[in-house]
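*Asks:* Sequence:
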Amino acid sequence: MWIKKKEIEQLSEFVKGYSSGEELDIRVNKEGSFNILKNDIYALVNTKNEQIKAVEAERDSLSDYMADISHQLKTPITSMMIMADLLEEAEPEKQEEFIHNIQVSLNKMEWLVGALLKMAKLDAHAIDFIKNDIYTSELLEAVKPSVAILLDIHNLTIELKQDCIIHCDKRWTTEALTNIVKNAIEYSPDGSVIEIDSGENPMYSWISVRDSGMGMDKTEYAALFKRFENSTNENGFGIGMPLALSILKGQGGDIDVDFGGRGEGTTFILKFFK
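Numbering (the numbering used here), first residue to last: 285 to 558.
Errors might be hidden in some of the hints.
[As the list claims (entries may be wrong)] Listed below are the simulated DSS-like cross-link pairs for lysine-lysine, each with C-alpha atoms no more than 30 Å apart in a straight line:
1) Lys378 x Lys402
2) Lys405 x Lys337
3) Lys337 x Lys454
4) Lys392 x Lys454
5) Lys510 x Lys402
6) Lys510 x Lys405
7) Lys454 x Lys510
8) Lys415 x Lys402
9) Lys445 x Lys405
10) Lys428 x Lys466
11) Lys415 x Lys428
12) Lys555 x Lys466
[Claimed, not checked] Here are the simulated distance ranges between beta carbons:
13) Leu370 x Asp501: 25 to 35 Å
14) Asp540 x Asp412: 21 to 31 Å
15) Val388 x Glu484: 53 to 63 Å
16) Leu357 x Asp412: 25 to 35 Å
FYI, nobody ran anything at the bench for these hints, they're computed from the structure. We put the beta carbon where it would ideally sit given N, CA and C, even for glycine.
Let the hints inform the model, and build the full structure from the sequences given.
*Replies:* Printed below as a string of structure tokens:
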């Protein structure tokens with residue numbers, strides 16, 4: 285088989301161009317071993333380029349993620365340092381206030397660090413979900429201790445319309461459901477009802493959580509499950525909903541949203557595929 289010098293030079297230029305970051309295309313729609321080789325080399329180079337781009341994108345994403353974490357931790361730390369400096373010379377009543385505020389900030393930081401560690405494990409696929417058949421009522425009972433104070437403060441009640449067996453990891457699903465219920469509490473007017481329902485169809489079993497708010501604007505949806513972005517509550521971090529979604533996806537499930545409106549609140553539907 286004869287190979288023209290020009291073709292060898294073209295292949296050499298392509299390899300050199302790849303090394304310097306140029307994007308060339310040497311693919312040909314012709315028969316012959318050398319042409320097959322050129323197409324294979326192009327495919328290999330293109331694959332490597334895509335891998336490099338993916339690594340760079342992941343690096344940039346990690347950098348942004350670390351910057352967000354730094355910002356979230358910096359605010360309470362700065363606040364506690366200021367209060368600690370003022371504590372010794374403050375009046376007794378002010379000292380009690382400072383100590384209380386420091387405790388609140390420490391509790392927030394403890395929750396944030398715990399949530400971030402959970403998300404890191406989920407992102408790394410380092411969690412083995414242990415699935416069993418659990419009734420929705422059992423999951424709800426596991427959720428209630430974490431939201432009892434919030435429900436009492438806002439005079440809210442939770443009602444379960446229909447019980448159903450859900451095949452899931454109880455511990456992690458409780459975590460996800462807790463975050464969804466806390467979100468419903470945030471958007472529900474005082475004295476209203478948060479409605480929980482559940483059921484199944486041939487494709488999946490589901491749990492829905494509907495608040496009694498005004499419904500969600502579709503423009504809010506883009507940031508809903510994006511970390512650190514969707515928190516209208518000054519005590520929040522915008523991480524509860526992304527964590528809930530990561531937990532559902534880790535179990536092969538998903539979360540859908542009915543935006544509500546026209547007198548109906550937003551409904552979050554946790555789906556557990558069969």
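*Asks:* All hints are to be evaluated individually against the structure, with a verdict given for each.
*Replies:* Tested hints:
| no. | hint | in the structure |
| --- | --- | --- |
| 1 | Lys378 x Lys402 | 36 Å, violated |
| 2 | Lys405 x Lys337 | 24 Å, holds |
| 3 | Lys337 x Lys454 | 38 Å, violated |
| 4 | Lys392 x Lys454 | 25 Å, holds |
| 5 | Lys510 x Lys402 | 16 Å, holds |
| 6 | Lys510 x Lys405 | 17 Å, holds |
| 7 | Lys454 x Lys510 | 24 Å, holds |
| 8 | Lys415 x Lys402 | 18 Å, holds |
| 9 | Lys445 x Lys405 | 34 Å, violated |
| 10 | Lys428 x Lys466 | 10 Å, holds |
| 11 | Lys415 x Lys428 | 21 Å, holds |
| 12 | Lys555 x Lys466 | 18 Å, holds |
| 13 | Leu370 x Asp501: 25 to 35 Å | 41 Å, violated |
| 14 | Asp540 x Asp412: 21 to 31 Å | 26 Å, holds |
| 15 | Val388 x Glu484: 53 to 63 Å | 41 Å, violated |
| 16 | Leu357 x Asp412: 25 to 35 Å | 29 Å, holds |
Of the numbered hints given earlier, the model fails hints 1, 3, 9, 13 and 15; all others are met.
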